[in-house]
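Chains as they are written, first to last, in the numbering used here: chain A, 1 to 168; chain B, 1 to 168.
Calculated directly from the structure, the hints in this document are not laboratory data.
Glycine included, each C-beta is placed from N, C-alpha and C at the ideal position.
Relax, there's no trap hidden among the hints.
Derived DSS-like pairs (lysine-lysine); straight-line CA-CA distance at most 27 Å:
| id | chain 1 | residue 1 | chain 2 | residue 2 |
| --- | --- | --- | --- | --- |
| 1 | A | K146 | B | K94 |
| 2 | B | K114 | B | K139 |
| 3 | B | K2 | A | K122 |
Residues from chain A that keep clear of chain B, each with C-beta distances beyond 10 Å, as calculated:
| id | residue |
| --- | --- |
| 4 | D44 |
| 5 | E48 |
| 6 | E49 |
| 7 | L50 |
| 8 | R54 |
| 9 | N56 |
| 10 | M59 |
| 11 | R62 |
| 12 | P76 |
| 13 | K102 |
Now the in silico label distances, taken between C-beta atoms and shown as ranges:
| id | chain 1 | residue 1 | chain 2 | residue 2 | range |
| --- | --- | --- | --- | --- | --- |
| 14 | B | I65 | A | E116 | 26 to 32 Å |
| 15 | A | H20 | B | K153 | 19 to 25 Å |
| 16 | B | K139 | A | T4 | 22 to 28 Å |
| 17 | A | K87 | B | A38 | 47 to 53 Å |
| 18 | B | D132 | A | E5 | 14 to 20 Å |
| 19 | B | Y82 | A | D149 | 37 to 43 Å |
| 20 | A | R79 | B | G117 | 36 to 42 Å |
| 21 | A | R72 | B | Y82 | 54 to 60 Å |
| 22 | A | R54 | B | Q9 | 39 to 45 Å |
| 23 | B | W158 | A | R79 | 52 to 58 Å |
Protein chains: 2
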Amino acid sequence: MKLTEAKQQFISSWGSFGTHWGINRTMAQIHALLLVSADPLTQDDIMEELNISRGNTNMNIRELINWGLVERVILPGERKEYFTAEKDIWKVVKLIVKERKKRELEPMLQLLDKLEGVEGDKKDKNVKTFIDTISGIKKLGKQADKTLDMMIKAEESWFVGNLIKFFK
Amino acid sequence: MKLTEAKQQFISSWGSFGTHWGINRTMAQIHALLLVSADPLTQDDIMEELNISRGNTNMNIRELINWGLVERVILPGERKEYFTAEKDIWKVVKLIVKERKKRELEPMLQLLDKLEGVEGDKKDKNVKTFIDTISGIKKLGKQADKTLDMMIKAEESWFVGNLIKFFK
DNA sequence: ACATACTTTCAAAAAGTTTTGAAAATTCAA
DNA sequence: TTGAATTTTCAAAACTTTTTGAAAGTATGT
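Using the sequences and the hints given, assemble the complete structure.
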């Protein structure tokens with residue numbers, strides 16, 4: 001397979017992969033393109049490669065910058081802004097985990113704390129089931145939260161090299 | 001807070017939580033409702049509680065059954081089918097991980113295998129960047145795949161009780 | 001075999017999300 | 001300053017996904 005074709009396949013799969021993970025198709029495609037590009041690209045390069053409009057490109061680049069996945073690069077003597085993606089995949093994973101944890105897990109845990117204090121007689125089986133379910137989710141959620149915090153701080157070598165031992 | 005209100009808040013948040021995780025709102029809401037209901041419910045109960053149509057209810061219940069998150073229950077002497085959700089949250093998490101791994105991670109790894117064999121001179125920096133990126137993703141993806149396999153087999157006590165030690 | 005209760009299907013409609021592109025805002029060199 | 005290059009915004013359009021509900025299908029007791 002030729003590089004051009006391989007690139008296209010990667011970009012397109014990364015795009016649909018993204019849609020299952022709460023990241024929109026274009027954002028994931030731009031990310032994929034920058035991941036496999038050796039040099040930084042301009043907005044116009046990206047628009048042309050992916051056949052998308054200026055507005056869409058701009059909006060999604062900014063979102064990628066918010067997530068910390070893409071950086072603006074100013075090349076000396078150039079008026080245009082260039083963009084480049086973090087290439088270390090472990091760092092990429094950590095950035096994504098960090099962002100989603102903040103946006104999703106943390107608000108959910110706050111809500112669960114509140115809901116656990118529901119009024120009512122614990123002998124009522126509906127009340128009991130509700131509280132038990134909420135507590136169960138909260139317990140696991142809190143643990144996941146801690147685990148992810150540690151993962152965010154960890155080195156890749158931990159994940160690739162050592163975790164496996166633990167499971168034995 | 002009263003039980004009714006707490007239930008509603010939980011259902012609604014679980015619903016929007018789901019949409020960030022590739023699960024549609026209604027499917028997640030039905031799941032939430034069944035999670036906090038002490039007794040099995042019928043399709044009509046669900047339709048009424050969540051104010052959704054018969055078709056939508058039916059379709060999403062079936063999808064939940066496919067995922068293994070919900071079971072059909074036949075009560076003796078009753079014509080109607082009842083539905084109930086797996087209440088053990090650790091099992092729920094494992095079922096979801098298993099399903100998404102199969103649907104998303106595995107196909108992605110297959111593609112990466114194929115793409116890694118791209119033709120071209122490795123001294124060309126574009127070819128090199130492409131191969132390096134793909135290999136990096138593949139390496140981490142394979143490790144994640146193994147780790148998730150072990151997680152799927154693991155007991156909750158491992159996750160809640162022991163993982164934390166490992167990170168120290 | 002029939003009638004009734006119940007479940008499933010699916011085309012069309014509604015809702016939700018993403019994309020476009022032209023206009024406005026900003027930046028920068030002269 | 002000015003004006004050309006570049007970036008950003010946002011309302012409307014296009015696209016995608018979800019939902020509806022009526023009709024078709026299936027199962028059950030008599």
